[in-house]
Each structure stands twice: as structure tokens, then as C-alpha cells.
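**Q** Heads up: the sequence lines are chains A and B, in that order.
Sequential numbering of the first sequence, starting at 961, is according to the working numbering.
Sequential numbering of the second sequence, starting at 15, is according to the working numbering.
There may be inaccurate statements among the hints.
[Claimed, not checked] Dumping the calculated SDA-like pairs for lysine to any residue here, alpha-carbon to alpha-carbon at most 20 Å: (1) Lys1256/A <-> Lys260/B; (2) Lys260/B <-> Glu1214/A; (3) Lys1030/A <-> Lys1256/A.
[What the hints assert, rightly or not] Just a few of them, taken from the derived set where beta-carbon distance is under 10 Å, the chain A residues facing chain B: (4) Ser1110; (5) Ala1141; (6) Ala1143; (7) Arg1152; (8) Asp1156; (9) Glu1237; (10) Leu1239; (11) Tyr1250.
Source of the hints: derived by calculation from the structure; they are not laboratory data.
Where is the CB? At the ideal position from N, CA and C, for every residue including glycine.
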Amino acid sequence: MTQETKDMTLTLGPVLFNWSPEEWRDFYFRIAAEAPIDLVVVGEIVCSKREPFFTPHLPDVIARLEEAGKSVVLASPILVMNKRERTAVNSLFEAGYKIEANDMTALHLLGNKAFTVGPFINVYNEASRTYLERLGAERISLPGELPITSIAAIARRSRVPIEVFAFGRMPLAISARCYHARAEGLTKDSCRFVCDEDPDGMQVNTLDNQAFLAANGVQTLSYSYHNAITDLDALAIAGVSALRLSPHSCDMVEVANLFRRTLDGVMQAHEASAALEALVNGPFSNGFLYGTEGFKAEGGLAEHAQALMS
Amino acid sequence: MTGQTLELVCPAGTPAALHAAVDAGADTVYCGLRDDTNARNFPGLNFSREELASAVEYAHAHGVKLLLALNTYKRAGKPEAWHRAVNDAAQIGVDALIMADIGLLDYAATHAPKIRRHLSVQAAASTPEAIRWYTDRFDVRRVVLPRVLTVPEIALLNKEINVETEVFGFGGLCVMTEGRCSLSSYATGKSPNMNGVCSPASHVRYEECGSELVSKLGDFTINSFPDTEKAGYPTLCKGRFEARGKVSYLFEDPTSLNVIPVLPDLISAGVTALKLEGRQRGRAYTSKVVSAFREAIDTASAGAVPAMPDLTEFMEGGKDTTGAYRKSWQ
């Protein structure tokens, strides 16, 4: 690894799943105490119906993270549709925390306040990046489907840190419709919060039993875990300065440790990848970074998978 | 509601379809250039610069407006095709550009300020605040609403904004919020935002498997049809999947959007324009669907309830839905 990778920081994305409020709180307490994470993004961004469960714990969680020396930003929801959800976005700003905006509703309401750009705002090119910089964006987390060639073009001459998604099931879509509810013959209004049964999302298989996607209420994610651990040098060369790790029920402190050690050059990427494999129940992919099918494993990740099979 | 009406905005993938749409009663036609600057970047489809110029001439001669969809996101490091499209469209004299990308909206507002700017559905602006973010900055005159809102939500939205809204009326139905979906690129490497395609035909295969016909998208099985069932196109989000031990159309059935049952409500909700999907469809689709909606809009504008036309042959799976316009869909 290089000086560039040593300088890269680790961001913990928001918990996307409907964990119990206590587990959710304790997860962050442990992150605060043990994980080599620089920036923590908190907040319920998937479903506004879940938000009231976590809000009571939010002040304690943020305080604990900040006491541990971590930067904290509060993320706005991915999809805002009705008056209640709009009011909720507005109330996010009242607490005075820095906001990671995930849609234009939040950007508009922010006015002149400082903000960061979340991965659900479509920054696909350097012109969009420049425009948001001019508006005062302090960092930009890029959409997951961008290849390294695009990431490099966007990061070139960027005045703000550019972050990419580096670990976890990749968020692929958001909808007005709840698929957990639909799978149980319910609707979003009458959902009974059945999404709380799947801490990493509900597995969706093809008819020939191939694991394909993971549903998380109104969100759809990849079944495979996006894993950029074998691409860290290339990302550093492309100008990426931060990596986003997305929380799962596996040992996220250890995930963060493995990324940190690899960035610092004290661990080889293939060793770290093998160690990640032991933590996670599911295949790895990084195809998006290579401009190919997102589910595929390419480059070092593919070589590593082949080495394991032989 | 008598006196209020809807502008009928119709698709044209080819010059022939454009003529058909104009002749069948379109108020406005939208089309795209033959490259990845638009979200129907399919082989054999779309317009050359010369064809676009003739299209504008034909449309204007018939009192019809012509819009150009530039609704993909500029490629990082390679914005030239998108910039050229804006400049050429200005010179040719199209009536508006339909765009989603912040960088492209900025370019058009700066370099071709005189052409009207419409916000594409691919920008998924679903609230008055999000809409104001775009209108304040890029002087957007019309917003195409994402297919996530109910009719009452649209009515409330229209009361809070002072910009025209356009909604989808018929055809292909995105189940996921538009412009925020990477399902297609996860399975095929090609996405609506970056390549202007979803579940592209280049990645579709059909395989005989016993008495079943299996449809695949890339490496993934999307559906399987017994010989008693008509095989449909494997659009990823309209596939049959297994979750929690049950096989179902988890995301959405193969079905098409059709707003005829809520047409009077959309007019009352203050919507300006109704868009028909289907630039990839043939001339027959354009003629029949456009005439049917011309008649339905004229009937509803006169204060009567429009009859349900038979458009079954043009519907995915031969079925239709009012989609997100009714709350029960969620």
C-alpha cells in the first residue's frame, strides 16, 4: 500500500436494516469504543415508518461517537414523498448536526448550511460535482454503479473529499412499494414491520434457486457483498480519499480493522479478503468498479476466489 | 372540472412513429437522438440530426410541439455528446429539453438558455422542496413526476409549486423510483442512468427447459413459462422470484400503467400534461394508444367519464394497473 492509501479515511454508512432499537444503539456504542472509523453517518434513511424507533437513542449514540473522537453526520432519507416525511426532514436540521443529503428535498431545506452529499444524489460527472462544490458540499459519496474510470474523472481536481462504497450489500433501488410487506401479502400501511426479521435483508432467489437480491422494505440491495478491498490502490490512484463500509450483522469492528490494516499496508489485500470471507455469509462482488455486471468479481477479487477454489 | 384539460405528450422512436403520433392527435411529441444521451438507446431507434430537423418541421406545421429527451447522465470525463446534443437542439429549434443531470441542466441553462427546460422523471423530484431546488437554479418550467405519488399527493404538490407538472399515463411502468435504480447494471452492466437502457435486449435469452420456456437476463433467470402461458420480456423488476419460500412476482406483475380510470382525478389535481411511454414501440402502438388517449382526454375535459379503450394487445402481460396513483399499490 502507498502513502495515498494510508491517508484514506473510513466512513461507516447508516444502518440500512430494521434492527431492534437496542441492538442498533449497542452497535454504535461498540463502534465508538472499538472501530477505526473516522466518520459515522447515522439516521434511518430507508423507511420513515421505522424512524420513531431509533430517534430516542440518537442523542446518546451521537454523544458516545463524538466522545470517542469520531465525526458524525446525520443522513436524510433516500425517498421523501409526503407531508409527514417532509416535516421529518425539516426536523433533522433543528438538532444542528451536519447533514448528509440523500435527495434534493434535503438540499433545498439546507439553505446555506454546511452539508455533505450522500450516495443517493446522482453525481455521475465532474460537472455535477463542481456544481455541488460551489453550493458548499464538504464531501461527496458517489453512486455505487460508477466504474473506476468515472470515479477518477470526477475526483480529478475535486476540492472536496470523494468517497466510494467499499463494503456491504449494494443499495440498488428504492420504491414507494414495500417488498417485505408484499412478500407477506401485506401493504406498506399495514406492514407489521416484518422487515425486522431480516437483519441483512430478505434473500431473493431466482426460480432456479440462484441467490440474486436482498429486499429491505422499500429498498432493494444486491445479494452479493460489494467488496473493494482488493481495489484500494486503484481507488487511491483514482483520487478517492474515503471508503464507505455499510453496516451488517457481521462483526463490523473486524471489517473496519481489516480495511484499516490493508490501507496501512500491514496486511495484504488477499489475506484481508479471506478474513472478510470468514465473517460474511455471502459471495463478494466488485463488478461495478470495473464497468461490468455489478454481481461479478473482477481483478484481485476474482483471482482470490479462483485461488480458493483450486 | 369542465374546461380543464391535459396536454397529450406522445413518444416517437422513429420518424414514422412521429408522423403517426401527430396524425393521431398528439399535442406534443418527444424523441431522442441516436446515441446514449437518452434513456431509450436501443438499436434501430431514435433520430439523426437531419431527422430531428424534419421532425420539428412536421410537428410545427401541425401545431404540435417537439421535445428532446437528454435524460441520461453525462459520462464522467466525456461530456461532449451531451453538450453537442444541447447545442444542436437549440439550432434545430426543438421546443424543450428533458433532462435529469445537474451538470447537464447547468450546461443547458448557461449555453442554450432560450430553450425551455423540463425536469426528467429520471431526476425523481418527488416533493415541492426538491422541485424548487431545480426550478430556482435552472429555471425549469415543467417537472415530470416520478411514479411514486398517489393522485391526492399530486394534487397537494401542485398547490405548493408554481411550475407545470407532467405525469405518466400509459405504458412501461418503473416499479422502482426512476433514476435511482441500478438493478439493470447489477445484472447486465448497463443501466438507465449511464447507458440509457434497462434490462437490455442484448442480454436477453430464452431457453427451453422441459416443457417450460425460461427467460434470462444475463446470468439470471427472470421467469419461466409453461406452454399454456405467453412468455413475456424479462424486465428485471417484473420477474418471478422466490422469497421466504414463496414464488411470486415480488416486485410487480408483468403489467402496464394505464391511468384512464383516474384520468378525471388527474385533471382535477392540476396536472398540466399526460405522458405516454413507448419510444421503443412500433407505429401501430403509437397510432392506437395516442388516439385512445386523445379521445379519453377530450371526454374527461368535457366533464364526462371516459370509457376504457381496449389496449390489451399493447399491455405487458395483457394487464394494466393504475400503479402508485392509488395508495393500495404500495
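**Q** Take the hints in turn and mark each one as holding or not.
**A** The hints, checked one at a time:
1. The hinted pair formed by Lys1256/A and Lys260/B fails the criterion: a straight-line CA distance of about 27 Å is larger than 20 Å.
2. Among the hinted pairs, Lys260/B with Glu1214/A is inconsistent with the structure: their alpha-carbon atoms are about 35 Å apart, more than 20 Å.
3. Taken as a hint, the Lys1030/A and Lys1256/A pair is broken in the structure, with Cα atoms around 34 Å apart against an allowance of 20 Å.
4. With a cut of 10 Å, the hint placing Ser1110/A at the interface with chain B holds, because the nearest CB-to-CB distance is about 4 Å.
5. Interface hint status for Ala1141/A: upheld, as the beta-carbon distance to the closest one in chain B is roughly 8 Å, under 10 Å.
6. With a least beta-carbon distance of about 5 Å to chain B, the hint placing Ala1143/A at the interface is held under the 10 Å criterion.
7. Interface hint at Arg1152/A: violated, since its Cβ lies 14 Å from the closest Cβ of chain B, which is beyond the 10 Å cut-off.
8. Hint on Asp1156/A is violated. Least Cβ distance to chain B is approximately 14 Å, over the 10 Å limit.
9. For Glu1237/A, the interface hint is violated, the least distance from its beta-carbon to any beta-carbon of chain B being 21 Å, above 10 Å.
10. Checking Leu1239/A against chain B by beta carbon gives a least distance of about 22 Å; that is not within 10 Å, so the hint is violated.
11. At its closest, the beta carbon of Tyr1250/A sits 9 Å from a beta carbon of chain B; the interface hint therefore holds under the 10 Å criterion.
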